[in-house]
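Just need the whole structure built from these sequences, with the hints factored in.
Spelled out, the chains give:
Number of protein chains: 4
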Amino acid sequence: MDSEHDCCSDKRVVQADKPALLKRMARLEGQVRGIAGMIDDDRYCVDVLTQIAAARSALDAVAQQLLENHLKGCVSRAVSEGNSEQAIAEVMALLKKMR
Amino acid sequence: MDSEHDCCSDKRVVQADKPALLKRMARLEGQVRGIAGMIDDDRYCVDVLTQIAAARSALDAVAQQLLENHLKGCVSRAVSEGNSEQAIAEVMALLKKMR
Amino acid sequence: MDSEHDCCSDKRVVQADKPALLKRMARLEGQVRGIAGMIDDDRYCVDVLTQIAAARSALDAVAQQLLENHLKGCVSRAVSEGNSEQAIAEVMALLKKMR
Amino acid sequence: MDSEHDCCSDKRVVQADKPALLKRMARLEGQVRGIAGMIDDDRYCVDVLTQIAAARSALDAVAQQLLENHLKGCVSRAVSEGNSEQAIAEVMALLKKMR
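The listed protein sequences derive, respectively, from chains A, B, C and D. Using the working numbering, the first residue of the first sequence is number 9, and each one after it goes up by one. Using the working numbering, the first residue of the second sequence is number 9, and each one after it goes up by one. Using the working numbering, the first residue of the third sequence is number 9, and each one after it goes up by one. Using the working numbering, the first residue of the fourth sequence is number 9, and each one after it goes up by one.
Because the hints were derived from the structure by calculation, they are not lab data. Among the hints, erroneous ones may be present.
[Unchecked claim] Derived lysine-lysine pairs resembling BS3-like cross-links, with alpha carbons at most 27 Å apart:
1) K80/C - K19/C
2) K80/A - K105/D
3) K105/A - K31/B
4) K31/D - K105/D
5) K80/D - K104/A
6) K80/D - K80/A
So this is what it looks like as structure tokens:
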């Protein structure tokens, strides 16, 4: 990480697994478009809802990965630098939104 | 609903609020693309995760609407026709997936 | 079901599997007391949280069972009697609380 | 914290807000007993489920507090001592159980 992308200091973070994350997001975008297509094609509610549940799991998996990256990177760094309080408060607020 | 789109019998359902649902899904697709863009732009993890939480809420809202449509339409019809058992078992299985 | 316990009309419901449900609730009460004991004994946070997750699963399982009973009993009856609208609105409000 | 209760080293943790946590757990135990009583009294499913949702929220609130204590105490300490990897893996596993 060069200074321009220095984690957290300027609130920019290069995700370690960025290509894999982008691939997952592209797949998720396809899932969402597929669900819209199912609704447009008058597909059975239960089948649509099953695909929505799958998309939600995919979204949650990305969130878990980003959260893990965040704990390992930004939060660990903040703790090492003596700024744990703000970093942890931010994580707790985030977990509340993610519930 | 004409016979071709008869709810449940041939497992096809025209959602009563189809245009609104499709609009929501289009907006959600934009949100997902936006999140991918944030990751690509090395945006701060917490900002990305906040947008993911918003997308998840949007997806859940669509699911709630489809579930309500399903209960009001397909399940109510199944109950009236004496097929409640299978319809309710299907709903319970669905709720488990949606958790 | 005799008239005194007639499902829904007077908002009293004898759960079909009442003894099993009560047994589960008794076990859950023990789990909750056990968690309090762990906190009192200064047990490691992660161990306490693991037990809390187990208690939450047990509580969710009881809720799933009651919801299934409710759909099979009260809601099916309401639908058969032409009162599906209120019954389904109530279920949707409940599902929102249970999320 | 004396050496005997030294956080994490011997996996014992005195929660900073132990009396408040124990009071919450006692109240939760009462809620669980109350729910059992409602089932025993043949109370309406929706009323029982509403109380279950409240108990679940109370349990989640205790879990959030313990998780915050854990991040502030044990995890921060582990990070400072260069053991962040194991501590964060443990938190991620925990969050998966708590979903």
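Verification of the hints:
no.: 1; hint: K80/C - K19/C; result: holds, 15 Å
no.: 2; hint: K80/A - K105/D; result: holds, 19 Å
no.: 3; hint: K105/A - K31/B; result: holds, 24 Å
no.: 4; hint: K31/D - K105/D; result: holds, 24 Å
no.: 5; hint: K80/D - K104/A; result: holds, 17 Å
no.: 6; hint: K80/D - K80/A; result: holds, 15 Å
In summary, the structure agrees with every hint in the numbered list given earlier.
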